[in-house]
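Chemist: With these hints in hand, go ahead and build the complete structure from the sequences.
Taking full-length UniProt numbering, I'd label the letters of the sequence shown as residues 1 to 283.
Label pairs and their calculated CB-CB ranges: (1) A230 <-> I122: 39 to 45 Å; (2) P264 <-> N210: 43 to 49 Å; (3) I122 <-> K267: 54 to 60 Å.
Derived from the structure by calculation, the hints contain no laboratory data. Where is the CB? At the ideal position from N, CA and C, for every residue including glycine.
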Amino acid sequence: MSNDWKIPLNIAIGVHLLVLISALYLPGIFKVKPKFADIYTVSIVNIAEPGAVAQTPSEPEAAETISKASPDNNKKLVPIEDIVKKPAPSVAPAKAVSLKPLKIKKKKATPPPKPSDNDELIKQRREKLARAIREEELLAEKARLAREALEKERQLLTHSSPPAVARPSGGVVRGDGTSGAAGGTSNIIESQYYASIINRLHQYWALPENIEKNNKVTATVVVTIQQNGAVADMFFESRSGDRLFDQFVTRTLETATPFPPIPPAMKKQRFEVGLVFRPGGVQ
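Modeler: In structure tokens:
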């Protein structure tokens with residue numbers, strides 16, 4: 001006998017049991033109860049009961065009874081004042097509490113402070129001061145070189161013939177080497193005076209960088225100096241071809257004047273000298 005009928009029977013019984021259990025328990029599982037917020041009842045005004053107010057008229061009767069019972073009729077009875085109940089103090093309503101989260105204000109990031117005009121002025125002044133210090137150092141270096149050149153020239157004068165000297169009437173001549181001690185002393189004094197003029201010019205001779213790079217430009221200027229050091233005459237014997245360079249030459253001569261006065265030992269009223277200007281210095 002075949003057992004194939006048992007499997008469908010078991011399946012049918014299981015399905016009926018599953019449907020029965022679902023019908024009993026599923027409605028309770030999926031039933032959702034609404035959630036209500038808590039409700040509070042607050043009595044704001046306390047109103048007196050009407051029965052208590054109605055009893056107030058009976059007080060005069062009690063006053064009449066008391067007056068009849070008292071034997072002394074001459075005394076005046078003081079009526080009892082009506083007792084008025086004060087209204088209960090009103091209670092301020094409770095503040096509503098918001099369920100929304102508080103909004104926190106975000107502070108905007110402040111931008112960095114911009115540099116003020118005073119900072120710019122201080123920066124410009126520092127730059128000017130730095131340039132002035134550099135120019136002063138350059139002038140000091142040129143003065144040192146001039147002193148070294150003067151010292152070398154003095155050493156050469158003591159061991160060789162007199163160098164070229166300047167005459168009051170103009171032009172440059174060289175000594176013949178046969179002059180006496182007076183002529184040699186005069187040449188030394190003139191050389192020292194010439195070196196002082198070069199040293200004076202080096203203190204004011206400063207060129208821009210673009211001109212200093214061009215070492216080929218040269219300008220020769222003839223200057224006539226009076227006894228007190230003032231410039232009597234000045235002219236270009238040969239120009240450099242660079243108008244800006246010639247302007248710096250003229251400006252340097254005007255700024256350096258007056259020159260040192262002519263030494264009395266030279267016994268000259270005027271001293272004419274030819275000056276050669278180059279980017280590297282004055283000769």
